[in-house]
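Novice: Order-wise, the sequence lines are chains A and B. Note that our numbering gives residue 355 to position 278 of the first sequence, counting from 1, and the numbers run on in steps of one. Note that our numbering gives residue 719 to position 70 of the second sequence, counting from 1, and the numbers run on in steps of one.
None of the hints are false.
Which chain B residues face chain A? A few, computed with CB under 8 Å, are given here:
# : residue
1 : THR653
2 : LEU657
3 : ARG660
4 : ALA661
5 : THR735
6 : ARG740
7 : ARG877
I should point out that these hints are in silico values taken from the structure, not numbers from a laboratory. Each residue gets a CB set at the ideal place from its N, CA and C atoms; glycine is no exception.
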Amino acid sequence: MTHAGHTYVTGPNSEDPAQPTGLISEGRTAVSNIELSGVSRWYGNVVAVNDVTLTIGPGLTGLLGPNGAGKTTVLHLMAGLMAPSQGEVTVGGEPAWRNPNMYRTLGLVTERESVPGFLTAWEFVLASAKLHKLPDPEAAARRALSIVELEDAQNRRISTYSKGMRQRSRVAAALVHDPRVLLLDEPFNGMDPRQRIHMMALLNRMAEEGRTILFSSHILEEVEQLSGTVQVIVAGRLAASGDYRHIRRLMTNRPHQFTISSSDDRLLATVLMGQRSVSGVSLEPTGVLVQANDYGTFTRALAKLAREHKIRLTQILPSDESLEKVFSYLVAT
Amino acid sequence: MNLTIMSLTLRAMLGRRRVLMLLPMPVILIGLTLVGVMSGADDAEWGPVIFSNLGLSVILPLTALIVGSSALGLEIDDGTITHVLTKPLPRSEIILSKLVVAWLVTTVATGVPLAVAALIAGSGSLAVGLVIGAAIGGLAYCALFLALSAMSKRPVAVGLVYLVLWENILVTYVSGARIFSVRQHATAIADSIGNTPLINSTVSVSTALIMSVIFILVGAVGATQRLRSFALTGEAN
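The following block holds chain A by itself, in its conformation from the complex (with noise of 0.2 Å):
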């Protein structure tokens, strides 16, 4: 945001996303932000990205949207792998496109998962470090390769490795030269929760270090763990932004859909319909429809509505959980 002069940083500290964190006075840009401004990107006449104009500052950044939203073309914009064909893409002031010099601040982990198998962890991880041409490339890779927690495997083929392993080991790599920014696409692709829960700690805690994390998913329950800030994506465009609160907040208050099977689907139908939280009820030949406006109060009361009339309830199905549907919500509001 640019205001009198003054060039504002959001970041997911701040307890109200619309109250900057940061002033930085114009013409010195922060060294780890990433700024997008009015950026395109088209293949042939299908556009990937739409005008889109961000700034992402230290600190942890989810980049949610459905499949093909464009996040990854928004990510391989950031990290110079791609032109864009309108507008601008800096990292900590310098041009993304074209500029080598640009990866001493900037580490990506892509969705692909291209790893040479043919090497172990620690020759990856070793060969990125001395590609970095740092001094002590040994002693960066083995604190890299402790970071994701991969010492003791790290002497094994990553052609061994599952899927969660080597995507630590391509975050290592990622990560050997202490980079400023870290770009990771789907990072939590393939992970079963207790791996998921890992790296969201150890992104976490990179966050706090001061780092500028990105990470893009499209799942959308991944704010659940995310504490800072949502970048939400849908058909090119920029669509939500804001604190993971506000975003957490639309989500569960959001509209839910249920259909309910019980003993007694006529008598819940009535009953439900005296509850302020919904605001529809038909009865299907499956189970009652209910329209709920508030997801947390209506699963509450549910239960204890059943139990009050006596109701056995069977089953319940929310119907309305695609991710398209969440998105199209958020973006309505």
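Given the coordinates of chain A, assemble chain B onto it according to the supplied hints.
Specialist: Only chain B this time, still in chain A's reference frame:
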């Protein structure tokens, strides 16, 4: 040049099954030379067929095509190129390192069996000529195929089109086309040093040297320029 890139490129190249395709060609070359020598026929009858038509016209370009397109093309195919591209390295350093590895592998894989075959045929000077011809021709071919792999998604197909259509068919019907034929340059250089009826060439050695330098420079600079503006594609969403 960058030793880390060179060692990674070499390991990736030699670790693939594709490299096994290089093995039968030297065996055939040496076997045919033995047949030629033992047949008692005139050197000029079988020598050019084996050393020019097979050695420098088939084995050298095919080896360079396999090796040169692997040096960069395989990493672009499997996406591991991003590990190299996201480093603060001049793109010329990446290309030069890969070119040198491809060149050394091509020269060893073709120069050694050619030299052995020439020694079996009884010409030490031809052995030297073939090694130098294979080295210069190999460098020109590798630069060309490296550039093709930075520019095209199908470097092997495009390379084969050049080898078959240009170097084989067009050169036969349009004599001027041989100026742009790397195998003609390699043959001319080997012939000028070997100075034996076992090999004959149709291009002057000075033309061969000048054109080789042009091929090497254009290939290396072209590949570097292309890598500078290299955009990841195929996985954008």
